[in-house]
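Colleague: Top to bottom, those sequences are chains A and B.
When you line the first sequence up against this note's numbering, it's residues 123 to 300, in that order.
When you line the second sequence up against this note's numbering, it's residues 66 to 497, in that order.
Hint data in this document are derived by calculation from the structure and do not stem from the laboratory.
Keep in mind that the hints are not guaranteed to be accurate.
Unchecked claim - Label-pair restraints from in silico Cβ distances:
id	chain 1	residue 1	chain 2	residue 2	range
1	A	Gly221	B	Ile372	49 to 57 Å
2	A	Arg149	B	Pro444	30 to 38 Å
3	A	Gly260	B	His384	54 to 62 Å
4	B	Gly267	A	Leu286	39 to 47 Å
Said to hold, decoys possible - From the derived model, a few chain A residues whose C-beta atoms are all more than 10 Å from chain B:
id	residue
5	Phe154
6	Leu179
7	Asp181
8	Pro299
C-beta atoms are modelled at their ideal positions from N, C-alpha and C, and glycine is treated no differently.
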Amino acid sequence: MSPPPDRPEPDEYAAAATIPPPDPPVRVPLRFEDWITVLTIGALAVITMANVIVRYLTDESFAWTEEISIFLLIVLTMSAGASAFVRNLHIRIELYADGGPTIRQRRLAILAHGITLAFFVILTILLGRMALDEYNWGDTSPAIGVPTWWYSMWLPVLSAAIALRIAGLLRRRLQEPA
Amino acid sequence: MIPWLLFILFVGLMIIGVPVGVALGAAGTLAIALANPETHWFGLMAVSQSFYAGLAKYPLLAIPMFVLVGSIFDRSGVAARLVRLAVAITGHGPGMLAVVAIGVAMFLGGISGSGPACAAAVGAVMIGAMNRAGYPPAYSASVVAAGAATDILIPPSIAFIVYSILVPQASVPALFAAGMVPGILAGIGLIIPAVWLARRSGMGAQARAEPRPPFWRSLYEALWGLAAPVIILGGMRMGYFTPTEAAVVAVFYGLFIGMVVHRTMTVRDLFPILREAGELSAVIMLVVTLAGIFAWSLSTLSIIDPITQAIVHSGLGEHGVLALLILLLIVLGMFLDGISIFLIFVPLVLPIAQAFNWDVVWFGVLLTLMVAVGQFTPPIAVNLMVSCRIANVPIESTVRWVLWLVGGMLCALALVILFPQTALWLPHYLGY
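Please take these sequences and the hints and turn them into a complete structure.
Modeller: Quick look at the structure:
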């Protein structure tokens, strides 16, 4: 089918809505997380679609893809979650924290980033401990039969990446002229 | 003592601007550590385990896939063609463009599952057209935001998927079917005040002279978009796909329309689309899993039961408690987004619903309706933020219009409360 001759014109309002705001200044480019995000969500769509097609063609289903999909889901959440912290996309109440005098805003931001950083540092340690336990127990995964620590070892790594991103946010706030 | 600390810490962290998920996780972690002073590692291994268990769930996959459907249809050019078809049907009478905006938003609700994505797609097309026709931008932004709020009621809906993860007794297909009629009622509840406001102020006069688009050609061009909900909802109804699979099929169908049929997208656009969808889903899923830590500490501190007992035996009666819950949720809906409200409050209020023997599917529809109202009630309203950014007006300027629309949707809410069959008839009829 050919494209309709009088395609609706993209108007200036549409343009205003689709151009994302520029990224904040960071030392390690966000492209790093962005590529992981794009590749994992793309892979999730392709794997699930392939599963549908294969099921209709051969009456079989790949149970093992479910295990891979769950792992990719975790990677997606934590990698895109890290860049979302830098781009300030996470859901938060901005009414009090981002309004009022600049000095208060800065103090609250430093406090909030500090608490978030502390939480992810603790989470990294706990996830590391969990991965170590799984390594010591030597369990294997139900569908594919690989050691479970192959999956769980990435959790502390990704959690540490989030913690580093938040440390970067905190550092930029602290270096701002007060 | 520890339960109080849990809630006070959570609220305090939220006020100083800590993201909702982190506030839930941090408060839950501290409460677990304080409750287990003598245990190995203060019982904190439960934190990493519930974080992992909260993410390692196959049903969660529906969230990124439906978010991706929204991002793709947002840019597929479907909205613009649906608008032409709708104008060909309604003409340019006073207030008719508002009907078109709400109608197209409801129809897109049958494709995508999130309000802000729908507000962006409809707003990008409608707000410019409505400005040229002489509608005030603040009015257009209000109408688009309110229309897009029906999106989380009309299936498919991300809100229902999250509710079903929290309440496994309510299946996704049953919730989807139950949202249909209340979603249409909510749309009608918006159209009536929108048209009345437009007629009262004589809006849209400039467009009267414009020619109507030809009906049959508009229908032909809109066919690809019109077929999308048939594929998604029909495929699920006929048992061809699970909800997640239906979303993935819609993803590839949307890419085909956008890249091959309408040619509004190129391969280069894939990167920003996938990135945006990935980040939006990560924001949702991170709150889902961190709320798991909070829920774990609530259940181990055994504080839900006494609260439930106190509320159920408070003498307010079934309707008093329901009225109180609605009031509470509408106030919270002004400050928090819908998914966070679900994650925080469903574990708390579900025991109350069960004590009164409320139907869990009906209750889910009710909660979603309240969340939908919150999506366009100022000051904090996700849909209104999107549409106001497109219309380039401050959120405050919409108040005089949007409150009428809020009133209209609250009437739909009242109908669903008084007549539970409005929600439950369709899932019963379909046999879910």
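Colleague: Each hint should be assessed against the structure and marked as holding or not.
Modeller: We went through each hint and held it up to the structure:
no.	hint	verdict
1	A:Gly221 / B:Ile372: 49 to 57 Å	33 Å, violated
2	A:Arg149 / B:Pro444: 30 to 38 Å	35 Å, holds
3	A:Gly260 / B:His384: 54 to 62 Å	57 Å, holds
4	B:Gly267 / A:Leu286: 39 to 47 Å	58 Å, violated
5	Phe154	12 Å, holds
6	Leu179	14 Å, holds
7	Asp181	14 Å, holds
8	Pro299	21 Å, holds
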